[in-house]
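S.K.: What follows is each chain in one-letter form.
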Amino acid sequence: MEILQYALRKLLAGLPLILGVTLVSFALMVYFGPDMTYQLLGKNPTPEQILEVRQQLGYDQPFLQRYLVFLGEIVTFDFGVASTGEPVATLLAKTIPVSLILILPGFILGHVVGLLLALAAAYWRGSWPDKLIMAVAVIGMSVSFLIVIIGFQIVLSSSDGLDLFPVRGWNASSLGNYLSYVTVPTLATMFVALGYDTRFYRSVIVEEMTRDHVRTSRAFGLPESRILLRNILKNCLIPFITRVMFSIPQVAIGGALLIESYFGIPGIGKATYEAIVTGDQPVLKAVVSLTAILFVLVVVLNDILYRVVDPRVTLK
Amino acid sequence: MDQAPTTLDPVQGSNIYANFVIVNAYDTLYSYQYLARPYLLKPNLAVDFPVVSPDGLTYTIRLKKGVRFVDDPCFADGRGREVVADDFIYSLKRQFDPENQPQGAWLWQGRIAGLDEWKAAGSDYAQPVTGLRAIDDHTLEIRLTRPYPQLTATLAQGYSALVPREAVEKYGKGLGVRPVGSGPFRLVSYDTARVVMERNPNYRQEPVDLAAEGYNPATQRFSGVEALQGRSPPFVDRLEFNFINESSASWSSFTKGDEVQLTVLPIEQIDRVLASKRPVTLRPEYAARYHVYGGLEAGFVFTAFNMDYPDFGYNPDPERERRNKTLRCAMIKGYDWEARNDSWYFGLGEYFPGIIVPASPEFDPSLSRASVTRDVAGARKLLQDNGWTAENLPTVVYGTTAGTTERLFFEQFRAWLRDIGFPREKVVQKTYANFGDISRAWKKSQLPLVAKGWGLDYPDAENTLQLFYGPNASPGSNDANWKNPEYDRLYEESSVMQPSPERTALYHRMNQIVLDDCVAITGISRTRIYLWHKNVIAVPDREILGGFWLKYVDLLPEPAVSPTLAKGG
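So the protein sequences, as listed, match chains A and B.
Numbering follows our numbering, with no gaps: position 238 of the first sequence is 238.
For our numbering, add 1000 to where a residue sits in the second sequence, where the first one is 1.
Please note that a few of the clues may not be correct.
Think about it this way: if two alpha-carbon atoms lie no more than 25 Å apart in a straight line, the pair counts; the simulated SDA-like pairs of lysine to any residue are [stated by the list, open to error]:
(1) B:Lys1042 to B:Gly1078
(2) B:Lys1452 to B:Leu1348
(3) B:Lys1444 to B:Met1497
(4) A:Lys43 to B:Phe1409
(5) A:Lys43 to B:Met1497
(6) A:Lys43 to B:Val1067
FYI, nobody ran anything at the bench for these hints, they're computed from the structure.
Can you build the whole structure from these sequences, using the hints too?
M.R.: Structural data, given as structure tokens:
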């Protein structure tokens, strides 16, 4: 009951955040975003045709009125029709699942492998395994994501390389097809994410390992595995949860623009990028709103998880 | 292809990407001969060329009988009904209905009797248009307000594709992702990464006559198209368009065999792949696997001076206006087309004087090349003789979209201007987020220089000459906002003339006026290098023929590629 009350309270408190994010984003779209009028005009437009298109797009309406319409769309979850003619809801329903199953393997593996490597590095802190892992992590962080993608594509997929996987495209009609198409994007994502994740987890673990209670446990002669699991990792859970949870909106809505573009995957990242470039406001409004709402939900869930892993945390 | 279409509704099919799909999903009354170069029109859904009245104002067009739209739930019994003349009238009306945000109306605006009035009266589809009449289900009459020699060519454009009313009423704007036409293919799926189409099983049987398609054995036998003689397209069961913006991914995918045809060879692969540029030939390891063809663009790239800017163009002071012309002429002399061609177009482009492009039938190869030959000393002298100094030269604002390539374009342009005496700080770049934003600046006459490309809508120099017609000034296509009474008079005179030596002579005079007035730095037509696998029978094109060639693609039986699969890359 306490958790439910807290969740409702936080959700209500999240409303100003949603309003703020949508207001700022909408202002940016209206005053600084691409003007779609001139992409929708023919080659030899007249002033009347320009006016007609602006009216069709609603650009002739006052800002406040347009923003209120936007808020109405958020409440009804009806963002209208994308520039392709497809309802935005259909577009999201098509693209978000693709992005989710595309990004999730890399997301999960990145965190799990990153944690394992961080544990190893922390355990052998200062010795060569630590230095090796950290050196590789820095390389992963330093190399441009673009280069990583192109490199993996050439080495693993192209006829000049190992030719093991499709160069690009998407087919999740069977597990075999899915694994075939998701492997290279996942490896590329992991390669870059591992560097950041490993460094982050290592620093948290190392900090925890130097605390008094860990030293005391060792003095009492507790086995290292028990110290690791109960004294170190358990106390690291709060920063771990924070890092994982706050990545979720990005995974769910942001997708992976570069991955989706280079691998020709019709996910939400690619759709969002194209909407930004063309000024397709119905799609942009939907993505901005969903991201803000998801962010609020994540904050609530995050706080609840804090309480679950650490009873000292109060939900007030 | 390097970009995805934004919609598949013919009413907004303004770019090559959309048109590639649209002309395969829908029928147009006319299309182009598959193999003829220069491009030549041919009847498509029409039985023959229009019967034109002696005054050139009435076109009578007969439609083929028995052509059906694809089966779709929008039809009463789910079975595609017959295509009739009223479908054309309805489709053209859609271009004049603001609700559709149409992009093709400019082709018929002020040309077809009653169409503009129909729009002004509220675009009520129940109301007739005086200039559009279905004499019967298979005979169409178009009445014009004045002769329009390019009318037949406009009826080969995706904009004029025949759309069934039932589909519009059922799907509304959703027609943009769900075409319902009578073309050789029907849509299976469409997303930002690819379009998949399958053979339209009801497509009419029309055996290929290579002679009628303009086949030239001397230059086209290598493609294997002779195997198509007497057979009815389409030849493949499935057509896939993969939209790959990234050239490295595009190249890897093509060389692996995921696409059977690569639209344009990436610039970074040129030295690796080509053995020679003139003629375009492949290195042996690639020649063993691919066909190659270097096709000249049906369009051009040019930079117009915006005459609205008193620093370069029209000025209340006649003396300053005279000096402005010398300034423009000097900038043209300082422009290095050869370097531009070598830097950006592999040295394969064709730069030419004036605005009549080599792909136009009216192109004049004998025209003096002085305006495209760099003359730095001449430019400096011209500036000096007319009182231009580093201090009084105006600031040149060069607008581009944001991007590395665009920045390099600008730096190169600035270097050329510095060679003729412009101080570095007087040549500045102004960047815009995307094409829509820079288009807005052009249409609002906010940039002194307009650097852009233009693709021909039809093979007639009128299509580029209208770019400098006074009444087409901003927001129209005359971004130069140039108004020359003599030019405008000649344009109006020629615009109602059928193709003839007399009309060509008028075109050449207009071209010369543009050159004499130094109103644009022009121009170059780029060469596109098409590659396709050896087991594919095709002559690719992405110019005026556009997607019409895809129904003629066939595959040789070869184990490496499924004979039922063709992918347009």
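S.K.: Against each hint, give a clear statement of whether it holds in the structure.
M.R.: Hint check results:
1. Taken as a hint, the Lys1042 of chain B and Gly1078 of chain B pair is broken in the structure, with Cα atoms around 32 Å apart against an allowance of 25 Å.
2. Note on Lys1452 of chain B and Leu1348 of chain B: the hinted pairing holds, with a Cα-Cα distance of about 19 Å set against a maximum of 25 Å.
3. The straight-line distance between the Cα atoms of Lys1444 of chain B and Met1497 of chain B is roughly 32 Å, outside the 25 Å bound, and the hint therefore fails.
4. Note on Lys43 of chain A and Phe1409 of chain B: the hinted pairing holds, with a Cα-Cα distance of about 24 Å set against a maximum of 25 Å.
5. A C-alpha spacing of about 23 Å is found between Lys43 of chain A and Met1497 of chain B, which places the hinted pair at or below 25 Å, so the restraint holds.
6. A C-alpha spacing of about 32 Å is found between Lys43 of chain A and Val1067 of chain B, which places the hinted pair above 25 Å, so the restraint is violated.
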